[in-house]
Amino acid sequence: MPRYAMVIDLQRCVGCSACSISCRSENNVPDGIYWSNKITETSGTFPNVRYHYIPTLCNHCENAPCVRGCPTGAMHKLENGITMHNPKKCIGCKYCEFNCPYGVIYFNWTYPHKSWKNNEKVLEGTASPKEEVAKVGGKTIPYYNPEREDTLSGIRPKGVVEKCTFCDHLVKRGKLPRCVDACPADARVFGDIDDPNSKVRQLLGKFRPFRLREQIGTDPHVFYIRDFNPANYQPSKGGI
Amino acid sequence: MNQSKASNGLFFTWLGLLGIAILIGLFAAFKILTEGHHLFNANDVLIWSLPLGAYIYLALTSSGLTLLAAIPLVFGIKRYEPIAKRLIFLAIAALLGGFISIGLELGNVFHMVYIIFSPNLSSPIWWMGAIYSLELIVLIFKFQRIHAGDWTSTTSKTLGKISFLCALIAPLMIGSVFGLTESRVTYFGPVMSIYCLFMAILSGSALCLFYNLVHAQVTGNGISDEKDSLFRELTRIFTGALSAVIILTLIKFFIEGSTVIPEVLNYHKYAQAFGSVAGMNTEIILGLFLPFILISMPGLRYKQSTRIFTSALVLLGTLAMHMEILLAGQSRPVGPKAEQFPDVISYFPSIWEWIVFTLSIAVMLLLFSLGERFLKLESKPA
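Protein chains in written order, with this note's numbering: chain A, 1 to 240; chain B, 1 to 382.
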């Protein structure tokens, strides 16, 4: 059984957010919820300033605090290492969200995709969001992806949490997670960390990876390699 | 006769007020269950708010009351028997109030069935829920035995012992819900469990003292010499619990004040939602120090007014302290949530959260009132 992991090459990543957009479409993610997200940081002061961009998603930790803390086993590990959630078992206690060191679990505070139920026309002569949904025969949203239903509720109900599943429904069919497939810079590599010949293992051997908040012992399965920095400076023997 | 009529009138007015609060609460419960928790001023950063704080407060108070009830029921100290039945009943009512609060905090209370069929034994929330549920059931059976006049049978004694063990472990479990979150340094560790146990004893003894003294005042029955001596002992237990919480709070305060761990510095910066005086939280000053000073003064210690006032201050103070700890640890976004949320989350409960809180308290008070009227809570073994 493979153990899936992802390597994100920060030198290749251009911060275009194609990963986040494709993730929303693939997984029918509602407004306000981010399965795929980013951490941005600006350091220094002008003109010596730098912008950092780290794409984020569920780290599918080996020692996942969300799995350990879930009282009903709704949050659980699959044999292939994916941290999966079962909304049918979720009591909405939000402990996983409270417990997650990475801020990647979200709660459905209300009915998802509520805005698409609105029957008011945005402009005279245009269709209302509700009419748009009806026109394409979509389920709740016009861009509804029924494939998501293979392993999880297509749209998760209010009162339960949700998060990235490494697109387990695609992985099951031998495909790549949507964010990996959609990345125009090929910055994401997905594969079996137990297979010494996998690309993931090759990259982890070739570069010195880091993981988010490694020191707390969760053993995240999302690794970051390299960094992009076009800045240059004049060589000197010191600053005095 | 007229006095009795007036007292009945007051009683039914009181019940009417509680009834209105409960009806409003039931409407709010319907609204929350059908519309979702966006009605709360919580979000994906500040995840747990007033209803959870109220649950922690009421559940811990219930545990404290059960621990006090164990003095006569488990350890056999007979002079405490006159308040034992009342303590068990108050513990049941407080715990039911707490369950209402957490029930309305849960996103899907109907999935609770999986807690039984798919338990996760590594989850502190599971243990907390299981032990408090067991405690409630055992307390109800224990009360039923006592009410039937059975104080000493093996069954009755066993129920007392189990409820004592539950009340001892459950606060530790509430603490471990926070203490096991490695991601939140300010909660992580054993301190939260010890703190919750001490807070349970403190708020339980405060409610015990407050309720018994106010009850004597309201009913006009006065306090017999036997009861007076008992209440003096309870005052000493209350003062002891107050001292223990003050010591623990000061240790926590000085450690947090000395460290330079960024998470603790951030936490400390925002851990004064109710304001501060000379760097110390207002609720600690008014809810711990002031009552301790008043209750330590020999001239004031055993005055009824002092005891009622100090125990009321502690009851309000402990609630505020639980809220403070709960909110301060969640005031800053974790990881990428900083992209969608401000650096620090400000919070004031929504009207719906206040109604849930009021509902929990109203149910507890309604039970107190009905129990006092119909269940002979002052009876003791023959």
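Hints may contain errors.
Stated by the list, open to error - Partial pick of chain A residues on the chain B-facing surface, computed with a CB cut under 7 angstroms:
#1 N37
#2 K38
#3 I39
#4 K77
#5 G81
#6 F98
#7 N99
#8 Y143
#9 V160
To be verified - Anything over 10 angstroms on all C-beta distances counts as not near chain A; from chain B, calculated:
#10 I47
#11 S122
#12 K337
Quick caveat, the hints were computed from the structure, so don't treat them as lab data.
All values reported here derive from a predicted model rather than from experimental measurement.
Each residue gets a CB set at the ideal place from its N, CA and C atoms; glycine is no exception.
Hint-by-hint comparison with the structure:
1. Taking 7 angstroms as the C-beta cut-off, the interface hint given for N37(A) holds, the closest approach to chain B being about 4 angstroms.
2. A hinted interface residue such as K38(A) counts as satisfied when its beta carbon comes closer than 7 angstroms to some beta carbon of chain B; here the least separation is about 6 angstroms, so the hint holds.
3. Annotation: I39(A) was flagged as interfacial toward chain B, and the flag holds, the nearest CB pair being 5 angstroms apart, inside 7 angstroms.
4. Restraint check, K77(A) versus chain B: the minimum CB separation of about 12 angstroms is more than 7 angstroms; hint violated.
5. With its C-beta approaching chain B no nearer than about 18 angstroms, G81(A) sits outside the 7 angstroms limit, and its interface hint is violated.
6. At its closest, the beta carbon of F98(A) sits 5 angstroms from a beta carbon of chain B; the interface hint therefore holds under the 7 angstroms criterion.
7. For N99(A), the interface hint holds, the least distance from its beta-carbon to any beta-carbon of chain B being 5 angstroms, beneath 7 angstroms.
8. Nearest Cβ of chain B to the Cβ of Y143(A): about 21 angstroms, over the 7 angstroms cut. The hint is violated.
9. A cut of 7 angstroms between beta carbons decides the hint on V160(A): the least distance to chain B is about 6 angstroms, and the hint holds.
10. Residue-level check failed: I47(B) sits 5 angstroms from the nearest beta carbon of chain A, not beyond 10 angstroms.
11. With 10 angstroms as the threshold on Cβ separation, the claim that S122(B) sits away from chain A is violated: the shortest Cβ distance comes to roughly 5 angstroms.
12. A beta-carbon of chain A comes within 10 angstroms of the beta-carbon of K337(B); the shortest separation is about 4 angstroms.
Taken one by one, the earlier hints fail for this structure at numbers 4, 5, 8, 10, 11, 12, listed in ascending order.
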